[in-house]
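Each protein sequence line maps, in turn, to chains A and B. Counting from 1, one number per residue, gives the positions in the first sequence under the numbering used here. Counting from 1, one number per residue, gives the positions in the second sequence under the numbering used here.
Since the hints were derived computationally from the structure, they do not count as laboratory data. Be careful, since some hints might not be right.
[Said to hold, decoys possible] Below, simulated BS3-like cross-link-like pairs (lysine-lysine); rule was C-alpha separation at most 27 Å, straight line: (1) Lys262(A) - Lys86(B); (2) Lys259(B) - Lys262(A); (3) Lys280(A) - Lys94(A); (4) Lys280(A) - Lys262(A); (5) Lys280(A) - Lys74(A); (6) Lys74(A) - Lys77(B); (7) Lys311(A) - Lys262(A).
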Amino acid sequence: MFVTAISLLALLAGYVYFSAEPAKNEPAQHLLTTKVLEPETKQVAKKSEPKPAHIEVTETIPEPISQSFQLLAKAYASDLEMPAYSRPLSADDKHLLEPNAYVPQAVTLEGGASASIVLSQYRYSYPQAIDVRLEVQGLAVSAVTVQLQAESVGSEDILANDAMLQSTQGWTAQLDAEPEWDGPLQVSVTFHANGKQQTLKTGIVYSNPVATITGVDASRSGGSDMLIPVQLDVKQAGYYRLRANLYTEDNQPIALLTNTEKLSAGTTEITLRAYKAVLKHQSGPYLLGSFVLERRPAIPGEATRYGDSDKPFYQLEYFALEQLTDEPWQPDAAEQQRLQFLQKMAGQQ
Amino acid sequence: MKKSIILLIAGLLSGATQAAVSGYPVVLVHGFQPDNLASRPTGNQVTTNGAEYWAQYWRDRADVRIDWPSQERVAGKIASDYVWPKLQQMSRNGTCASGCIFVSHSTGDLVTRYIIDNQALWLQNAGLQPLNIVASFDFAGAGGGVELADLAVNVASGGGLIDGALRLAISLWLGQIPSPSNIGVLNDLRVNSARQLAAFPDDRVPRLRFVGAGSDFLGATGGFLPGEDDGVVASHSSCGASSVASFNSCSRSVAMDGKLTSVSGPSSFMPYHYPMLMSEGYSHSDMINNSAKDEITAANSRGSYLNGDTLQFNTYDEKRGWWIFSSRYRVVSNSNNTSMSALVYQAAN
């Protein structure tokens, strides 16, 4: 019996060793261990049709770290094929498609209950109201109130204070905006249950807009780029970065477009560029939206301020792509140096 | 005498060679230090803490450290009082003139992202040369936020309904329950706030991600974090995933322990974030220490592994009537006896 078991193991190990087909480029020295999993013979005895035996094989594939860097260098080289100002977008790029998303964070309470503050977005622009919802699981709560105050330490002023009302969606309140709301704010929701009081807190950013997108002019060609002039009304001069997503007419994402300019106060323009290869033969009409307009900190310690847009989306008309040239994009010197570093780590240089 | 001078020069040169990754100077940016919330260090104490933070491995392999106190905010005093003097110093000394590598741990990832987004504008405005940052190595990066920070802010608010296990987890992590007025950088680490801070720098610096799934707290914190975690940071953050979700790996075809299998992993990453190495056994603090804790696997995948067919290793031998369940593990060579930080450093030198 003992000899039979040994023979079975040897046979199976031999079978696996010779039949395993190594993946391409794998190092030759794989480590194999084999074991019979469970006493299948008992099951065989009980059933008229014998169940096949199991064996488990563990194979360890050693891989040099340079292989990981090779893949990285390849991925980075691929990312550099398009200009930074015109990045291809896919449906997976959720953070870029929804740049103002708020992700609720549940807090575990006693007795297996939980509660979370739910907001529709992270950044708000005056005069947007803030819709606050409290979601509670596994606990009956009462006397729910919401407070808004500046997040900075030592700021005691209450900017808003309201009772929350119970609805089918939980406890809700709408905080109507005041012009002086500005900067990082703290939303606090207080409720009572089981004779105890609990406060939950979360952070948002509220802006009295420092600039506003007022329109988008007709696109024109500029070498290999479709140029999209965006009209702005700037209230505070500064270094502005505009990000916008370009979509097909039926809302399929195409590209994230970015430009940074030093702008003076008043009516002005910032031009976004869509690189021809990113457009993938799509000649419009397009939609331009999901705007993020930032006034960047010019010196350390200065806060980032935000602008807004008159409309969430602007339609761009058909654009004849034949006007654009086909020259391949050349990464700048710093980007090429970064790629060379990764290639060196991969042992390719 | 002549011989002594030659030896001295040789020693200095070898020292200079050692403090580099692939010939580039190394800049260290440490993470959150919980005890700072109570001790509120300033001046030399911040520097001493920074030196201690990196003492096990990276301190003597770096040229510059950016040290900052955790009771402050990233875009506030951390930027103006601690980051800015170092940026000016590095620019004036030409530390990064030919390129440099940033090595970050934990919240240092978020601080580094803020630096990458702003350093060029700030230095140019001050009439100084911007830094040429070639790449960053981000160990246990918290740039996608830390759920424990959201929870800590809520526990700090002092309500009576907080779950006891959560309170214990927060006190294990922080060493205490903080007061509402003493939260500092935890505000920036909250998931929504972190993901909105310098969310997408224009500069295409490759961010290389190194990820662990162990725990410094015997698993007490993991129950409050989505998916795999290193005891402090969830994998959505350390992998650099573009969205917040419960991921068990940085890859969809390789588990944290190296097993080649279909696993829940991100479908997209923050721009220019590339998962490199991961390991089941490394905790948050192990990542920058000098002890081998477990075998390490490559977090990126060859194209062939992305094809579901190649993950089906189970075969049925009809002739013999046996099922052969085959498990393949991919491990980085020498990772059983070399720490993750040392593996990366050695690969570059």
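Here is what the structure says about each hint:
1. Lys262(A) - Lys86(B): 26 Å, holds
2. Lys259(B) - Lys262(A): 51 Å, violated
3. Lys280(A) - Lys94(A): 21 Å, holds
4. Lys280(A) - Lys262(A): Violated, at about 31 Å.
5. Lys280(A) - Lys74(A): 22 Å, holds
6. Lys74(A) - Lys77(B): Since the Cα atoms of Lys74(A) and Lys77(B) sit roughly 39 Å apart, the hinted pair is violated (cutoff 27 Å).
7. Lys311(A) - Lys262(A): Holds, at about 23 Å.
Hint compliance for this structure: hints 2, 4, 6 are broken, all remaining hints hold.
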